[in-house]
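Undergrad: Residue numbers (this note's numbering), protein chains in the order written: chain G, 1 to 140; chain P, 1001 to 1133.
Treat the hints as calculated values from the structure; they're not laboratory data.
There could be a bad hint or two in this list.
Claimed, not checked - Residues on chain P that point at chain G, a partial pick, calculated with CB under 7 angstroms:
| no. | residue |
| --- | --- |
| 1 | Lys1025 |
| 2 | Ile1028 |
| 3 | Ile1029 |
| 4 | Ile1043 |
| 5 | Arg1057 |
| 6 | Gln1093 |
| 7 | Leu1099 |
| 8 | Glu1110 |
| 9 | Arg1120 |
Ideal Cβ placement from N, Cα and C applies to all residues, glycine included.
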Amino acid sequence: MTMIREHMTTTQKAAGHPRPQHADRYVGARLREYRIMLGMTQQQLARLIGITYQQEHKYEKGINRIGAGRLYQIARVLGVDIGYFYEGLQSERRFVPTTRQRMLLELSRNFLKISKQEHREVLADLARALAEPHEGAMAA
Amino acid sequence: MTAPKAAGRIGAQDVDRHVRARLRKCRIIRGMTQQRLAELAGINYQQEHRYETGANRIAVGRLYQMARVLGVDIGYFYEGLESEGRFVPTAQQRVLLELSRNFIKIQKQEHRGALVELARALAEPHDEGAMGA
């Protein structure tokens, strides 16, 4: 929900909005998560963008801030919209991805090692079923 | 006007330039002075000026704040940039993406754990020792 806040006072500004540093870290963490979702290594992504692996690592960890232009390149290389990296920033007070990301990383690595296509599909189907809200009335 | 690097490949600096031009444009449309925008963003006027002239690069967190203060979506600053030549995931990557997205939505920790276990069991150990058993 973006509203035009032309008449916002400086005191209102501070109320409950993520600070830039927080947003920087959040975007880095979202980037990491999406890269893992694609089964890409930091090395591979770095090569696609034309930066070093170390730099990519620092972006994801929030050690280096990502420039506006750099994020565009990353978004293109990953095939997502810029907005993707900011999703949830307003509501989630902080990004707590570590356990989830670690599991996701393991899932993704193993997925890529499954040689039978049917097995990969079974896994995807199961995930879909488990992700559904409890009704599940129209499962195929 | 902008000089794209290799064919179709747009450099980060080119995009930075585009973004700051859009920022300036939006500020003017809103009828704000640099001073006013700086005040709302909680930075000093010089800093805002350096963003618009390109002396300082705008990081993604700052851009988010600017978008909020100006009442636009983050995508606004990138509008008008070429959109062709985007990465298209392979069939396998698409399945993995869907799997991952659903995985993240799973509420029960045990269900997530079970899925990870299943993936591990189905994975062929073609490079042993890569990540331990």
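Undergrad: Each hint should be assessed against the structure and marked as holding or not.
TA: Against the structure, the hints:
1. For Lys1025/P, the interface hint is violated, since its Cβ never comes within 7 angstroms of a Cβ in chain G; the closest pair sits about 15 angstroms apart.
2. Interface hint status for Ile1028/P: violated, as the beta-carbon distance to the closest one in chain G is roughly 13 angstroms, over 7 angstroms.
3. Among the interface hints, the one on Ile1029/P is violated; its C-beta lies about 11 angstroms from the nearest C-beta in chain G, farther than the 7 angstroms criterion.
4. With 7 angstroms as the threshold, the beta carbon of Ile1043/P stays out of range of chain G, its nearest partner Cβ sitting at about 9 angstroms, so the hint is violated.
5. The criterion of a C-beta within 7 angstroms of any C-beta in chain G is met by Arg1057/P, whose closest approach is roughly 5 angstroms, and the hint holds.
6. The beta carbon of Gln1093/P is positioned within 7 angstroms of a beta carbon in chain G (closest approach about 5 angstroms), and the interface hint is therefore held.
7. Residue-level restraint check for Leu1099/P holds (minimum Cβ-Cβ distance to chain G is 5 angstroms; threshold 7 angstroms).
8. Because the beta carbon of Glu1110/P sits about 10 angstroms from the nearest beta carbon in chain G, more than 7 angstroms, this interface hint is broken.
9. For Arg1120/P, the suggested interface contact is upheld, since its CB lies about 5 angstroms from the closest CB of chain G, less than 7 angstroms.
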